[in-house]
Amino acid sequence: MKKIQKALALMLALCMVLALSACGGDTPAESKAPEASKAPDTTPTEQGGEPADDVELLWWAPPTFIQDADDPAGTYEQKLVEEFNASHPGITVRVETIDFTTASDKITTAIESGTAADVLFDAPGRIIEYGKNGKLVSLDDMFTDEFKKDVGNDDLLTSCQGNGTYYMYPISASPFYMAINEKMWTDSGAIEHVNLEGNRAWTTDDFEKAIEKLAAAGYNPGVLFCSGQGGDQGTRAFIANLYDGSVADGEKYTFNSDAMIQGLTKAQEWINKGWLGNGVQYNGGGSIELFAAGTTAFEFCWGTSAAGNNAATMESNGVTPISLPFPSADGKPVLEYLVNGFCVFDNGDAAKAEASKTFIKWLCDNTENVTRTGAFPVLQSMGNLYPGDAEKELLVEFTKMYGPYYNTMDGFANMRAQWFDMLQKITGGGDVTELANAAVEASNAGMAG
Amino acid sequence: MAKTPARLNSHALKRHETVVAYLFMLPALFFFAAFVILPMVMGVVTSLFNYTMKNPVSAETFIGLKNYIDLFQDKTFLRAMLNTLILVVVTVPAVTLFSLWVSSAIYQMKEGVRSFFRCVFYLPVVTGTVAVVVVWKWMFDGYSGILNYVLSALGLIDKNIMWLGDTRFAIWCIILIMFTTYVGQPIVLYVAALGNVDQSLVEAAQVDGATDLQVFWKIKWPQVMPTTLYIVVITTINTFQCFSLIQLLTSGGPEGTTNTVMYYLYTNAFSLYKYGYANSMGVVLAIIIAILSAIQFKVMSKDVSY
Numbered sequence: 001m002k003k004i005q006k007a008l009a010l011m012l013a014l015c016m017v018l019a020l021s022a023c024g025g026d027t028p029a030e031s032k033a034p035e036a037s038k039a040p041d042t043t044p045t046e047q048g049g050e051p052a053d054d055v056e057l058l059w060w061a062p063p064t065f066i067q068d069a070d071d072p073a074g075t076y077e078q079k080l081v082e083e084f085n086a087s088h089p090g091i092t093v094r095v096e097t098i099d100f101t102t103a104s105d106k107i108t109t110a111i112e113s114g115t116a117a118d119v120l121f122d123a124p125g126r127i128i129e130y131g132k133n134g135k136l137v138s139l140d141d142m143f144t145d146e147f148k149k150d151v152g153n154d155d156l157l158t159s160c161q162g163n164g165t166y167y168m169y170p171i172s173a174s175p176f177y178m179a180i181n182e183k184m185w186t187d188s189g190a191i192e193h194v195n196l197e198g199n200r201a202w203t204t205d206d207f208e209k210a211i212e213k214l215a216a217a218g219y220n221p222g223v224l225f226c227s228g229q230g231g232d233q234g235t236r237a238f239i240a241n242l243y244d245g246s247v248a249d250g251e252k253y254t255f256n257s258d259a260m261i262q263g264l265t266k267a268q269e270w271i272n273k274g275w276l277g278n279g280v281q282y283n284g285g286g287s288i289e290l291f292a293a294g295t296t297a298f299e300f301c302w303g304t305s306a307a308g309n310n311a312a313t314m315e316s317n318g319v320t321p322i323s324l325p326f327p328s329a330d331g332k333p334v335l336e337y338l339v340n341g342f343c344v345f346d347n348g349d350a351a352k353a354e355a356s357k358t359f360i361k362w363l364c365d366n367t368e369n370v371t372r373t374g375a376f377p378v379l380q381s382m383g384n385l386y387p388g389d390a391e392k393e394l395l396v397e398f399t400k401m402y403g404p405y406y407n408t409m410d411g412f413a414n415m416r417a418q419w420f421d422m423l424q425k426i427t428g429g430g431d432v433t434e435l436a437n438a439a440v441e442a443s444n445a446g447m448a449g
Numbered sequence: 001m002a003k004t005p006a007r008l009n010s011h012a013l014k015r016h017e018t019v020v021a022y023l024f025m026l027p028a029l030f031f032f033a034a035f036v037i038l039p040m041v042m043g044v045v046t047s048l049f050n051y052t053m054k055n056p057v058s059a060e061t062f063i064g065l066k067n068y069i070d071l072f073q074d075k076t077f078l079r080a081m082l083n084t085l086i087l088v089v090v091t092v093p094a095v096t097l098f099s100l101w102v103s104s105a106i107y108q109m110k111e112g113v114r115s116f117f118r119c120v121f122y123l124p125v126v127t128g129t130v131a132v133v134v135v136w137k138w139m140f141d142g143y144s145g146i147l148n149y150v151l152s153a154l155g156l157i158d159k160n161i162m163w164l165g166d167t168r169f170a171i172w173c174i175i176l177i178m179f180t181t182y183v184g185q186p187i188v189l190y191v192a193a194l195g196n197v198d199q200s201l202v203e204a205a206q207v208d209g210a211t212d213l214q215v216f217w218k219i220k221w222p223q224v225m226p227t228t229l230y231i232v233v234i235t236t237i238n239t240f241q242c243f244s245l246i247q248l249l250t251s252g253g254p255e256g257t258t259n260t261v262m263y264y265l266y267t268n269a270f271s272l273y274k275y276g277y278a279n280s281m282g283v284v285l286a287i288i289i290a291i292l293s294a295i296q297f298k299v300m301s302k303d304v305s306y
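Residue numbers (this note's numbering), protein chains in the order written: chain F, 1 to 449; chain W, 1 to 306.
Extracted from the complex, chain F is given alone in its bound form (with noise of 0.2 Å):
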């Protein structure tokens, strides 16, 4: 009996040092590639550049592409996968997906842990917050004279830069606007107020004699929601719009400016007379929610994400969304955007670095992959890709009505949290300059860092 305790115990001890062994080792290429993405193992093809050795790369990729049919999400990304590993021998690439909720635990987690992936999509505010603090690879190289003169949009440029280093490769760019709810906008009267013309631009006051004539009507008003960061680029370039003010300067942040004062103190007055929802216990996606089910008349935070997640949604509740740019004083709205793109983590292994770069700008130039994310290309070369799309020609109009990005402004997280924290406040009959002069210094000082 003693003598099988003391072998079990020697297995059990063995294991252990194997799984040691195991968990700390490299693990051969060979078992880490799918048998059908293996690359050929030969020197670089017609396509040039790629490094001579093998060279393997990680790509954790939320969903980004809109995937056929009933296909699983992931499913074009590996196909993806497949014909690049194809074309480009030297290189094998491998792709993880992850989701949106949880992947700034996981990329911060890996960051800290020194296992995060070679090439990651995400949008400019956390990537070039990781840049900023040294953990990606610099892409100026990929930034040439003619691919900036390409996209021709300086703020959009900007975007993927931190500190003056281009940190994101951009594949497309969607505004985020406003969208309302036909049915309810056409029997209140509202829809008179509506400009459904051009780029669809409106003002202040229209938007003001509508939601007056919603409320008269008992339709449930959208609400500015606020419980959390979530879809919170909607509130802001909602407010910012109305007496057109702006969030930031580009140095500093502004929102407790005059005009920015005006349009928080004509919100709280909506919400007061019931003409605008108290969102405080919602973010955008339960704000979308409410949209979508046709509770509420209109919503602060849409796009072409918003609108196809929740076509199925509005379908059966018989909601038709009417897109629209915010309302404005003078009728110029300024719309904040997403711009898609990816990084490259800097692993300490510059063939992997070159690597990651010739797989971005082979996924970035291809306009199907362009169309799949929904948007629109950064490259004006790449011209329409979708002729024929009323709604897509109009979200065109809108890309002409972006603004600064500031986005990627130190201590934009930081601002994230004052901003939702103020509105919570203001809409609960706060203070409007107290707090907003309160949030705009703890979001500046919160700039150092």
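Keep in mind the hints are simulated off the structure, nothing from the lab. Mixed in with the good hints, there may be bad ones.
Partial selection, computed: residues in chain F whose CB lies under 8 Å from chain W [as the list claims (entries may be wrong)]:
| hint | residue |
| --- | --- |
| 1 | 133 |
| 2 | 161 |
| 3 | 213 |
| 4 | 410 |
| 5 | 413 |
| 6 | 414 |
| 7 | 429 |
Only pairs whose alpha carbons sit at most 20 Å apart, straight line, appear in this in silico SDA-like list of lysine to any residue [what the hints assert, rightly or not]:
| hint | chain 1 | residue 1 | chain 2 | residue 2 |
| --- | --- | --- | --- | --- |
| 8 | W | 75 | F | 157 |
| 9 | W | 54 | F | 216 |
| 10 | W | 54 | F | 347 |
| 11 | F | 400 | F | 157 |
Over 10 Å on every C-beta distance to chain W, these chain F residues come out as not near it, computed from the model [what the hints assert, rightly or not]:
| hint | residue |
| --- | --- |
| 12 | 132 |
| 13 | 151 |
| 14 | 203 |
| 15 | 243 |
| 16 | 262 |
| 17 | 279 |
| 18 | 332 |
| 19 | 380 |
| 20 | 396 |
| 21 | 421 |
Keep in mind that this is a model prediction, so the values were computed, not measured. All C-beta atoms, glycine included, are put in the ideal place defined by N, C-alpha and C.
Since the structure of chain F is provided, determine the placement of chain W on it from the hints.
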């Protein structure tokens, strides 16, 4: 004095058994050390540094106790600590007393009925937090929530209430959800503990003319005290560590009224990348939990004998 062969054999046997025992423990010990002890030590050490995504742990970033000094001057942290204490002070007694009350009522019922009640109360424990939150979110919804609907139908409110967005109600909503998800396990434990109470003592007391209250207070309560201690300690720790409910329901709002230490720690670590500062919060929280648990052990773990 020379050792006899029998004693030598006995020592050798003991040593062998000890070695074997340690070898059996080795895998678990390794993982415990690697995933519990080491991170704890690292947490304490890095809390003494200005450790952020930009600044790694190094001699230049050593700041001693500055994180702790800042912590106790940070109004948001103090508010979060107060909220956490409110959650503990309300939830722990409520969960303990309610589960004891329910268990007392059901432990003598027929097996089928008892199992039914245990299942009902245990259901939220085995249901995923996200699913639980989705259901509660729907019930608390300001527009179409069932709570507003029922209260309106009863004529108790004339205007919908934003339960999770109202500074007066938000923390009580969190407490209610915590309460429903925490009572399952204590009920199961109490039913088992009450079933093990020595019936001869109960019968003797009844023969002596003790009332039901006296029987409970003098006979049953002392015998279920070890279970009570376990429930109180575990519920206290779980409540201090409340995070997912806050993240999924309120993000600490409105106006910081549901912000807890764990949630504030998380936002500092994963949104603001202030790892050192977040770790100092973790250390303070661990110390508070350890002190409270020690007090609970001291007060409640007295031996029971008759």
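task: Could you grab the alpha-carbon distance between residue 400 of chain F and residue 157 of chain F and see if it respects the 20 Å cut-off?
output: This hinted pair holds, its Cα atoms lying about 15 Å apart.
- request: For the hint on residue 133 of chain F, just tell me whether its beta-carbon gets within less than 8 Å of chain W.
  value: It holds, given that the least Cβ distance between residue 133 of chain F and chain W is near 4 Å, below 8 Å.
- prompt: When you look at the beta carbon of residue 262 of chain F, is every beta carbon of chain W farther off than 10 Å?
  reply: holds (23 Å)
- prompt: Is the nearest Cβ of chain W still more than 10 Å from the Cβ of residue 243 of chain F?
  reply: holds (25 Å)
query: Given the hint that residue 54 of chain W pairs with residue 216 of chain F, does the C-alpha gap stay at or below 20 Å?
result: violated (53 Å)
- request: Determine whether the non-interface label on residue 380 of chain F survives the test: each CB of chain W must be over 10 Å from its CB.
  value: holds (35 Å)
query: When the nearest CB of chain W is found for residue 429 of chain F, is that gap smaller than 8 Å?
result: At about 11 Å, which exceeds the 8 Å cut-off, the nearest Cβ of chain W leaves the hint on residue 429 of chain F violated.
- prompt: Does the claim that residue 332 of chain F lies outside the interface with chain W hold up, using a Cβ gap greater than 10 Å?
  reply: holds (33 Å)
- prompt: Taking the minimum C-beta separation from residue 151 of chain F to chain W, is that value above 10 Å?
  reply: holds (29 Å)
query: If you take the shortest Cβ to Cβ gap from residue 161 of chain F to chain W, is it below 8 Å?
result: With Cβ-Cβ at 17 Å, over 8 Å, it is violated.
- request: Please verify that hint: residue 414 of chain F, Cβ, nearest Cβ of chain W, below 8 Å or not.
  value: holds (6 Å)
field: Evaluation of the interface hint that places residue 213 of chain F against chain W, nearest CB under 8 Å
entry: With Cβ-Cβ at 20 Å, over 8 Å, it is violated.
The earlier numbered hints that this structure contradicts are 2, 3, 4, 7, 8, 9, 12, 17 and 21.
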